[in-house]
Amino acid sequence: MQFNRMIAFYKAIGDPTRLRIVALLRDQKLHGQAIAGKLGLKPPTITHHIDKLREVGLVKESRVKNTIYFSLEKKVLESQASALLSFGKGGLSMLPEISEEERMKILDHFFNADGKLKTIPAQRKKRMVVMAQLVKGLDFGTIYSEKEVSDYLKKFYADYATLRRELIVYQFMYRKNGNYEMNPPELWG
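Numbering (full-length UniProt numbering), first residue to last: 1 to 189.
Careful, some of the hints might be misleading.
[What the hints assert, rightly or not] Ranges of calculated distance between the beta carbons of each label pair, as one might list FRET restraints: (1) Asn112 with Leu19: 47 to 55 Å; (2) Arg26 with Arg63: 15 to 23 Å; (3) Ala113 with Gly14: 46 to 54 Å; (4) Ser99 with Lys74: 30 to 38 Å; (5) Glu73 with Lys155: 29 to 37 Å; (6) Thr47 with Ala161: 34 to 42 Å; (7) Ile120 with Lys74: 24 to 32 Å; (8) Lys38 with Val64: 14 to 22 Å.
[Claimed, not checked] Dumping the calculated DSSO-like pairs for lysine-lysine here, alpha-carbon to alpha-carbon at most 30 Å: (9) Lys125 with Lys155; (10) Lys11 with Lys176; (11) Lys11 with Lys60.
Keep in mind that the hints were calculated from the coordinates and are not lab data. Cβ atoms here follow ideal geometry from the backbone N, Cα and C, with glycine treated the same way.
Could you put the whole structure together from the sequences, leaning on the hints where they help?
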């Protein structure tokens with residue numbers, strides 16, 4: 001379950017040194033030597049902490065000649081904070097709020113009677129409703145191979161690769177090393 005992913009994120013930033021690194025990178029890119037100097041630590045220690053932050057997607061790197069600069073992935077931080085704030089509220093809190101009647105109209109418009117998807121909606125709200133319908137046949141806590149996800153999506157739409165990509169983009173699923181896993185509904189969107 002991706003609840004574990006959320007826990008890993010908060011464990012990673014739960015270290016005082018890592019929080020200080022996040023604060024340093026908030027408004028600027030810095031290389032490891034500069035971070036070590038500002039924090040009064042040795043570069044190998046900084047490397048260790050940067051690796052932990054990179055594992056959870058919070059830090060990215062860019063190279064300028066022979067120097068690697070680190071910067072903060074603010075969207076990841078915002079996404080995790082938003083997920084935490086909505087966690088436990090129940091329902092699909094990250095999905096657009098629509099009535100059940102509107103949801104049914106969207107599903108009737110985009111799905112044939114046999115359950116096949118006619119087209120992928122262009123409007124975000126409608127796309128989210130369609131994607132939420134598609135994942136109903138997938139189980140939380142199960143790790144799927146890319147082939148398994150593709151085979152599942154082929155039942156609904158010929159362009160299954162686009163659907164698979166959309167499941168990642170809208171955070172319905174999490175992908176790592178070719179394996180897919182459902183995110184909790186609190187992260188969808």
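Pair hint outcome, lysine 11 versus lysine 176 [Cα-Cα no greater than 30 Å]: The hint holds at about 19 Å.
Restraint check for lysine 125 with lysine 155, where alpha carbons must lie at most 30 Å apart: Between lysine 125 and lysine 155 the Cα gap is close to 23 Å, so the pair holds against 30 Å.
Distance restraint evaluation - alanine 113, glycine 14, Cβ atoms, bounds 46 to 54 Å: About 51 Å separates the Cβ atoms of alanine 113 and glycine 14, which means 46 to 54 Å holds.
Distance restraint evaluation - lysine 38, valine 64, Cβ atoms, bounds 14 to 22 Å: Given a distance of about 19 Å, which is inside 14 to 22 Å, the answer is holds.
Supplied distance hint 24 to 32 Å, evaluated on CB atoms of isoleucine 120 and lysine 74: holds (29 Å)
Verdict for glutamate 73, lysine 155 (Cβ pair) under range 29 to 37 Å: holds (35 Å)
Consistency of beta-carbon spacing, alanine 161 to threonine 47, with hint 34 to 42 Å: holds (37 Å)
Beta-carbon spacing of asparagine 112 to leucine 19 - inside the hinted bounds 47 to 55 Å or not: holds (51 Å)
Distance restraint hint 15 to 23 Å, applied to the beta-carbon atoms of arginine 26 and arginine 63: Check passed, 21 Å falls within 15 to 23 Å.
30 to 38 Å as the expected CB spacing between lysine 74 and serine 99, which holds or is violated: Given about 34 Å between the Cβ atoms, the range holds.
Pairwise hint evaluation, lysine 60 against lysine 11, where the allowed Cα distance is 30 Å at most: Holds, at roughly 18 Å.
Violation of the numbered hints given earlier is absent; every hint is satisfied by the structure.
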